[in-house]
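**Q** In case you want the letters, here they are:
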Amino acid sequence: MTLRAKTPAWFAACLALLALVLGYATLETQFADLSGHWWQAIVAPDDGQIRQIVMHYTFVPRLLVALLGGAALALAGCLMQQVLRNPLASPATLGVTSGAQLALVIATLWAPSWMLAGKEWIALVGGIVATLLVFALSWKRRLAPMVVVLSGMVVSLYFSAINSALLLFHQESLSGLFIWGSGALSQDNWHDTRFLILRLAIVVVLALLLLRPLSLLDLEEDGARSLGISLRKLRFAGLGLGIFITACVVSAIGLIGFIGLAAPALARLSGARTLPQRLVWSMILGALLLAVTDFAVQQLAPFTASLLPTGAMTAALGAPLLLWLLPRLKVGGTRPTPSTGLTLPRESRPQRRLWILAGLTIVACALALVVGFMLDAHSRVPSLAGLDDLALIVDWRLPRVATAAAAGLMLALAGTLLQRMTGNPMASPEVLGISAGVAIGVIALMLLPLGIAPLSGSVMGFSGAVVALLVLIVCNRRSGFAPERLLLTGIAISSLLDAMRAIVLASEDPRAQQLLSWLGGSTYYASLTSTAWIAVIALVLTLLTLPLQRWLTLLPLGAPTAKALGMDVDRSRLLLLALVALLTVAATLVIGPLSFIGLMAPHMARLMGFHGARHQLIGAGLLGMLIMVTADWLGRNLFFPYQLPAGLIAALIGGVYFMWGLRRL
Amino acid sequence: MSRARPFIVLSAICLVWVMVLMSGLAIASMGAQARDDSPGRIAASNWTVAETLVALGVEPYAVSDIPNYDEWVKAPAIPASTLDMGLRNEPNLEMLAQDPPDLLITSALFSRDNARLERLMPVKVIDNFSTDQPYYEATLAMTREIARLTGRQSQAEILIAETNQILDRAAQELKDAATPLYIVQFSDAQHVRVFGQGNMIGTLFSRTALTNAWTGPTNAWGYASIPIDRLAERPEARIVIIKPYPRGVGDELAKNQVWQHLPAVREGRVSYIDPVWPYGGLISLQRLARSLVEVSTPSSAAMESHP
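Each protein sequence line maps, in turn, to chains W and U.
Residue numbering for the first sequence follows the numbering used here, starting at 150 and increasing by one per position.
Residue numbering for the second sequence follows the numbering used here, starting at 833 and increasing by one per position.
These aren't lab readings, by the way, just hints derived from the structure by calculation.
Remember, it's a predicted structure, so these values are computed and weren't measured experimentally.
Where a beta carbon is used, it is the ideal one built from N, C-alpha and C, also for glycine.
It is possible that part of the hints are untrue.
Keeping only pairs whose Cα atoms sit at most 20 Å apart, straight-line, the calculated DMTMM-like set for lysine to aspartate or glutamate is [stated by the list, open to error]:
| hint | chain 1 | residue 1 | chain 2 | residue 2 |
| --- | --- | --- | --- | --- |
| 1 | U | K1087 | W | D195 |
| 2 | U | K1087 | W | D196 |
| 3 | U | K956 | U | E891 |
| 4 | U | K956 | U | D934 |
A few chain W residues facing chain U, derived, Cβ under 7 Å [as the list claims (entries may be wrong)]:
| hint | residue |
| --- | --- |
| 5 | N338 |
| 6 | S455 |
| 7 | S676 |
| 8 | Q792 |
Now the in silico label distances, taken between C-beta atoms and shown as ranges [stated by the list, open to error]:
| hint | chain 1 | residue 1 | chain 2 | residue 2 | range |
| --- | --- | --- | --- | --- | --- |
| 9 | U | N946 | W | S184 | 51 to 61 Å |
| 10 | U | D902 | W | A174 | 39 to 49 Å |
| 11 | U | D902 | W | L724 | 55 to 65 Å |
| 12 | W | W270 | U | D931 | 46 to 56 Å |
Just chain W, with the same shape it has in the complex:
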């Protein structure tokens, strides 16, 4: 098999051949009329011949930008993975891409004149701000790999939440940013090419200078330090380079997520061992991957009324590739070392805090039911509802409050189970890909002309979740559900959802707004009946979860320890996985695939001092309810009568708390 060969040359040669064939086919289909004048059109187009102009300003820069962008992203991913020693690290996980996007959205809406100065600079500022935030959050921990990735995820989620909220309100004005956001590579001049070639050259030279010290990071942390290397400076430099070149790519050609993760993984898989080998082959493979995808997209373009954005298509093609690769990928050696994990002081009396939390949750539910805007002769004055309004409260507020609480509870429990089971702080129901599976099912339903009945929604969502679960099981059975592999599988499934979402949004389908709202986690469609069901399901699943504390106490100690203590590790993992899946499906179907609660609530519970399995479960559950109910109330009333999805607000509230908590570490 070629992939097992000693060097990635075979693989690269195959890709290059494919690129040549597709490139020739594109030329033949799009520029057949220029046949024989191709070279002239590229080098010195005739000003009066629009076809030559088009070829000169679109085809050639587009190919170059794809090659440069792919190489740059692969370089960035490679540097980040080396510095963080985590195969999951990529430009997107560090918040650079969402920071850049947010900066562009804000500038477009409120300072359009700044866009004149060049949108790449605005995106760069956004990317750098996001990165500085990540560095600030992890500075005290000497930029320890785990903390950096964790901060990156939080910042990323936080910025995308703000992004989505703005997009909901300004869909028509920002439609162009959907296209940019999904990585359409269309070019109309040579500006982006020049921009990228200069910056890539600078970054490559700097990366070469860092090559030797970076290679030493392959040693364990202590080994590297004993050789006299300042780890903090080295990490800062390595990450800084990766982030800078990512921001350049993002600002020039939009979000192209998968390459930064895939190219380094492919290079390593196909036999690149040392860091210099990995860097070079990652860049070659990244460039070829993006170019091949872009040619394929150009081949499809004439047959559809929608735009096929290359960045999103890369992810759509890349996700199955990643799933196929997973059983062949060795991730064990690069897992974050436990010494850099999160350790926190143990709270001596968690019992009392739990009671306080429970009290707060009840108060929040009551307030969310009673307080709201009342219509008063066309003025909108907030007032407390009296008893007259019982019907209003019961009919229109109770379902939303109760649904929010139930979903928050279930997601928090799912997140706690997952984090304890995998011992990875990046784990959350969405990372596992189950909620992505549900969402893929629901999106498919929206796009297929099947009629939009609530029942078929749940059927499609459930089928999506089952498929995702099957993929998870098939890909992980042989490894005994090892944590890292599980997370990678989940990420691959989630990236497929991201791709679908980006394609739908870029297609400018007017249904995109509905989709965006659902994906943000809206309780809008909750009814009394659906709420009663979801409350019962939440109750039953909670009761099922609580007796599992022995497993949850032993699993974080690692599989060998747990086995030595007489635990059937594989069986318990499978059962926990099933429980997580059920919790996630139930929550996602009513409130969309929001991930923040599942990621945050368990952490917040730990930051509040709930360490025992049972205390963490209950604490996280209560926190999940509290945040979701508060978020739902804010979403309903902040911009009354406009409503924001509860999931977005939860991300905004939870994110601030979590960043504050990280600072204290």
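Given the coordinates of chain W, assemble chain U onto it according to the supplied hints.
**A** Same frame as chain W, but now just chain U:
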């Protein structure tokens, strides 16, 4: 057993929910009231319906997302007394529940779970897309249906006659228009929505001598999203741009080499028309027809300047 207490609290909270929900169901089933059925106050979640209501002289009780209506549909203006009921796909039910309208008109696109809304007020799905009919016939049917519900049949017939007249006059004035044209709306500086069959632009092409330069596939709303360079496929075509530009696009176009080299741009065959909702009703159609005539007749050569 003090360790079990939080667990008891948690299950107690869950039980309380379930009980509250049960009582809620009971109260809700008692709360249904009889209302008199002459539709007076009408809420519209679809801009096209809102436009038609105003055109028929009905003052809507509530309309969705009025600020964006003002920017994208523009005319006819929504009366100041009309309530804003939030985003188009999520009319604020908490607000409507406090003083429900007599009828909510929604479109297939924005309706999911209408049975639930019907506990609050009658709901009708009226739509000029999502039907089997072509755009113009569907819009006429929609207008007549809204007129029937509001008792404005005579106004509707006047509006329809007026629209036909305007279309006929447009056909008359455009009978010599031979140059094919692209009608586009910018998405960003590199991409446009180009309109084809299946919306009011298709209607105008079929009722006048104008020919559409775009013959490629279109989506359910009658447009295709394409990169600008594909506008060069018909070098002889004119380009008509429906405003508004998304923010920032106007400035970026100046740098766009392909745009600057398009034959239509170099030879001054680009015109701009005021914002019009291409998926709208008869008033939007009338405005589009007038604008097109204005930019297509020889006397309007001056229109080729930038906006």
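**Q** Could you run down the list of hints and mark each one as holding or not?
**A** How the hints compare with the structure:
no.	hint	verdict
1	U:K1087 / W:D195	holds (19 Å)
2	U:K1087 / W:D196	holds (16 Å)
3	U:K956 / U:E891	holds (18 Å)
4	U:K956 / U:D934	holds (11 Å)
5	N338	holds (4 Å)
6	S455	holds (6 Å)
7	S676	holds (5 Å)
8	Q792	holds (6 Å)
9	U:N946 / W:S184: 51 to 61 Å	holds (57 Å)
10	U:D902 / W:A174: 39 to 49 Å	holds (48 Å)
11	U:D902 / W:L724: 55 to 65 Å	holds (56 Å)
12	W:W270 / U:D931: 46 to 56 Å	holds (50 Å)
Of the numbered hints stated above, none is contradicted by the structure.
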